[in-house]
Amino acid sequence: MRLSELRTGEKGIIVKVMGRGAFRKRIIEMGFIRGKEVEVIKNAPLKDPIHYRVMGYDVSLRRNDAQLIEVVSAAEFAKEEKTILGERSIDSYITPSDEELHKMALHKGKIINVALVGNPNCGKTSLFNFASGAHEHVGNYSGVTVDAKEGTFHHKDYTFKIVDLPGTYSLSAYSPEELYVRKHLNDEQPDVVINVVDTSNLERNLYLTCQLIDMDVRMVIALNMYDELEKQGNKFDHESLSKMLGIPMIPTISKTGFGIEDLFDRVIKVYEEEDPILRHIHINYGEILEKGINSVYRTLKNETNIPTSYSRRYLAIKLMERDKEIEKFVETLSNPKEILLKRDKNINHIEELLKEDTETSFTNARYGFISGALRETFEQAKMKEVTSTQIIDTFVTHKVLGFPIFILFMWFMFEATFRIGEYPMGWIESLVGMISEFMRNNMSEGPLKDLIVDGIIGGVGGVIVFLPNILILYAFISFMEDSGYMARAAFIMDRIMHKMGLHGKSFIPLVMGFGCNVPAIMASRTIESRNSRMITMLINPLMSCSARLPVYILLTGAFFPKNAGSILLVLYVSGILLAVLMARLFRRYLFNEEDVPFVMELPPYRLPTGKSILLHMWEKAKQYLHKMGGVILVASIIIWFLSYFPQHSANEAAIDSQIAQIEQTSNGNLTAEQETSLATLEKQKTTVHQQNSYIGRIGQAIQPVLAPLGFDWKMSVSLMTGMAAKEVVVSTLSVLYTGEADDENTQALDQQMKQDKYPDGTPVFTPLVALSFMLFVLIYFPCIATVSAIVNESGSWKWGLFVIGYTCVLAWITSFVVFQIGSLII
Amino acid sequence: MWQYIAIIIIGIATIMYVGFKLYKTITAPKDSSLCGSCDGCSGCKIKDLKQKKQ
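Chains as they are written, first to last, in my numbering: chain A, 131 to 956; chain B, 17 to 70.
Be careful, since some hints might not be right.
[Stated by the list, open to error] Distance condition first, Cα-Cα at most 30 Å in a straight line; then the derived DSSO-like pairs of lysine-lysine: (1) 887(A) / 37(B); (2) 472(A) / 40(B); (3) 485(A) / 472(A); (4) 37(B) / 752(A); (5) 928(A) / 579(A); (6) 887(A) / 40(B); (7) 815(A) / 40(B).
[Said to hold, decoys possible] Here chain A is said to cover these stretches of chain B; the calculated rule only asks that three of the stretch's residues, wherever they fall, bring their Cβ under 8 Å from a Cβ of chain A: (8) 19–26; (9) 29–43.
I should point out that these hints are in silico values taken from the structure, not numbers from a laboratory. All residues carry an ideal CB built from backbone N, CA and C; glycine is no exception.
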């Protein structure tokens, strides 16, 4: 608890003093140090300030200041002890000994709150994972972390509570992640900030460091990817730079764990204020800017309502940079007019002198500071070697070769997904078949047997066989993400994206959509402009997520076995092209405001570790199996019920009597002709039953809408149930076809679909129908989770409903055009 | 007969499960952060993160 929360007469033991700079120094000098007892003597009439007694001295503190001192009180001690020792007497909770309180304060003082701050793709999440043992998603492109992640780990008697903040290039107020990081640092006041710096790109990374110095946070710098700096042959005297900046710097390689122990040793030293290097410096912005800063600073100094968690110099700098958020904050102070007037006067003066806006002047001054610091400590290798990244980029981002290489990579990915996946798929299929056979042969006849065999095993088993394909696809996507090729894919798409009114950066959430649309929609948070963000979100459902893969594999395997990889590529590319087309339309009619330009970076290539790829695949396998036991199982059961009931109809009874007649006349010796008639009648009976079932009626009701696309009632029903999750399309078809097959005819689903015929003898599924169906599945109705993500991210149901509407209309039109034109040609 | 009783129980359990899931989806608190964005989905890691945070 905070000191300000203690009531009059209560005592507490100090755990830690937060805040920074002069305030912290003054408080500590006054005797507010860890382990000391502090007593509340009285509150002033308006409850502010508060009168405390510490080390025998009476001290008065403002409530805001007291909020920055963490203490343990007797009440808190009792609460914590109660959870540990439930049987103690009530008295012992109320009156803990001083020694007990002291012990608890010391223990609490050993919890260090650490925030990881750094540029995108500098390895923060890898470091976080390595330190906390978490398995957060890591990718070699910016914007992987879209929200703060928390983890805890223990090291040398200390507990570290680490928060991995989104990557950001600066602490201005342009993008949501910049504001998020800034807010976290101001509001949460972490004990120590670890500034993760990509050592292979020092100049740009140190820009953020400069802003953190301005904020006056206690900091340790992790010089991450230090091996890359050494590989490039550069010399870097980090110890000298460390002394210059007053910030400890530790070389680390987060993917191997090198230096991480040293890093946290140093964090402890900084936290305990034992670090010999740590000191707060002011970046010198040059005479003109410094004069302006000081002038605004002096005005702010008179302001008593500024919380001590804010550095006044930082506020002055941000005001001079015309930071909108800080302006809003200043407006809440007692004398905003005077402050802003002073600021404007100084800005006008500076801009007149320097002939550029103050924000640019500050940026230039920071880069000047960095350049100066690096000139003394950093030596570039004289013979600059051509790096492997440059060699690879010569080809993969080449203006002519870039596209064919990207298409080739995608084709290879789909071909491998299909071809390699065929083997394990066959094994799982046989296993499912064996289980189904076992149940069929060992259970007595009845509805439960039908539910288990046709509903559960048929439905879930029909989808689970595609697990290997999905894992292979994920292995490729992980490789793309981790190696840095994803960022290149975005780079080569940049020009097309620009033409369509989007930035290349939007392509990353789109490619992420190949895995799952939900995190992809969230990843669009990294796009600064709201217009571009909205468009990226709205077109994301057109990116073919892995849930659609079972439908594709089933139908391409059945109808395009020789060109499966190419057909998959066509489907995915169709999704991209439609997304681009829709983006163009949305930009023109819905979001036609001009966007601010922003930068896209190309990180160096890194060979992904096998562990990281396996981890991604394992996570995906877990999710897929979880889905099997959840939505797909439930959907299969519901579909089975709807297809099983009602049990008897007049038509079925008529067929039954015909069967009985044949059996009676044969007297147990069936002729070949009678056997054929019986088989035909059995088949007819199943068809009549399914058509009369509840699901059959639903299917026939919606089928007229989908008939122009070549779909029969089973396909229509599967599309309807697939709205919950796209895999359910396959499980529905599986339940319907398994239920239709007689006990002796247990063929694979694809074979049954190929043999399915309309009453006039024409096949239900043709390659053209299959293509039309796959396109429809690709485009129509995003799953419920995706709609929910769009609603949450856009903040309005309107956009969720809009996406449902436009995707369904677009799917119908596309399939209609493909089927009708295809029918004319073939 | 027992098979009919079994499927009736399974049917009721399924309906209750679907009802519960729908109720959870409808009554989920509105949240603009990561925590509120993926109700009803088990499709990605963000779900785990959300559960941890809750």
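Hints and how they fare:
1. Taking the CA atoms of residue 887(A) and residue 37(B), the gap is about 38 Å. The hint is violated against a cut of 30 Å.
2. A hinted pair counts as satisfied when its Cα atoms are at most 30 Å apart, and residue 472(A) with residue 40(B) does not qualify at roughly 53 Å.
3. In summary, the hint linking residue 485(A) to residue 472(A) is supported, as the alpha carbons are separated by about 19 Å, within the 30 Å threshold.
4. The hinted pair formed by residue 37(B) and residue 752(A) meets the criterion: a straight-line CA distance of about 20 Å does not exceed 30 Å.
5. Of the supplied pair hints, the one linking residue 928(A) and residue 579(A) is violated, its CA atoms being roughly 45 Å apart against a limit of 30 Å.
6. For a cut-off of 30 Å, the pair hint linking residue 887(A) to residue 40(B) is broken: about 42 Å separates their Cα positions.
7. Among the hinted pairs, residue 815(A) with residue 40(B) is inconsistent with the structure: their alpha-carbon atoms are about 41 Å apart, more than 30 Å.
8. Counting residues of the stretch 19–26 of chain B whose CB falls under 8 Å from any CB of chain A gives 5; the rule of at least 3 is met.
9. Given a C-beta distance limit of less than 8 Å, the hint that chain A covers the stretch 29–43 of chain B holds, as 4 residues qualify and 3 suffice.
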